[in-house]
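Student: Sequence:
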Amino acid sequence: MNRFRFTLLAVCAVLLLLGGSDLATWIKNQQPVRIAIADLEFQDPPQAWLQVTGGFLDLNDAISTSGTIELEALLVPLRPTPDSRVTRVLVETRDPHLLELFKQYHFFSDTLPEKKAFFEQHRHEFLTQRNVTGMLVSGLISQGNEQKLLKLATETDLELVDGVIFLSEGKEPARWRGVFFAVVGLLGLVRVLTSRKPAGRQDAAGA
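Taking numbering that gives the first Met the number 0, the leading residue of the sequence shown gets 0, the next gets one more, and so forth.
All the given hints hold, so there is nothing to weed out.
The following label-pair restraints were derived from C-beta to C-beta distances:
hint, residue 1, residue 2, range
1, Val13, Phe118, 39 to 49 Å
2, Arg129, Val189, 44 to 54 Å
3, Val189, Glu40, 43 to 53 Å
4, Leu151, Leu192, 41 to 51 Å
5, Asp156, Leu192, 51 to 61 Å
6, Arg2, Arg129, 51 to 61 Å
7, Thr110, Ala35, 38 to 48 Å
Computed cross-link-like contacts, DSS-like style, restricted to lysine-lysine with a CA-CA straight-line distance of at most 25 Å:
hint, residue 1, residue 2
8, Lys102, Lys147
9, Lys114, Lys102
10, Lys150, Lys170
11, Lys150, Lys102
12, Lys102, Lys115
13, Lys170, Lys147
14, Lys170, Lys27
15, Lys102, Lys170
Because the hints were derived from the structure by calculation, they are not lab data. All C-beta atoms, glycine included, are put in the ideal place defined by N, C-alpha and C.
Construct all of the structure, not just a fragment, from the sequences and the given hints.
Tutor: As structure tokens, this is what we get:
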């Protein structure tokens, strides 16, 4: 019985920690901060929720996060100019159109002439300037994911600088997840701390 209580206490504590982390992130990130890609070359991000402007998404150097034809997301360099090779910002995107372009080029174009023809037809979409809004890949839940992304990036020929910024496109502060975790953790903690072994069982044990 005591082992179960300790396990439940540990689960509740983890939920409270995760919920508190999500809520703290939401409090600090009420709106996305607009910042130019060129500024991120020389300074750290001002907060976790950003709208990065003026960057070029380079699908030529994109990396599949799954490594299979069943694409989950792409890791795409976001660079200040079309000719830039050094990368500081990597965007984790689930944009259906970008996923489809990547899939068609790498998996459904069998021969080199087919690849060249497909690329020429969609050249302007493989290197395009666009603003990207999303959250930095950070926090307790995302630490493992960040390490996975960094490993994927370092295993390629990407020229990365120190302090690579991982930006998850379309992601926003998880306010309601934080509320849910915090409430469930708090209720569970109260339940465990206020529960007592029934008197009948205690008497029987004593007898």
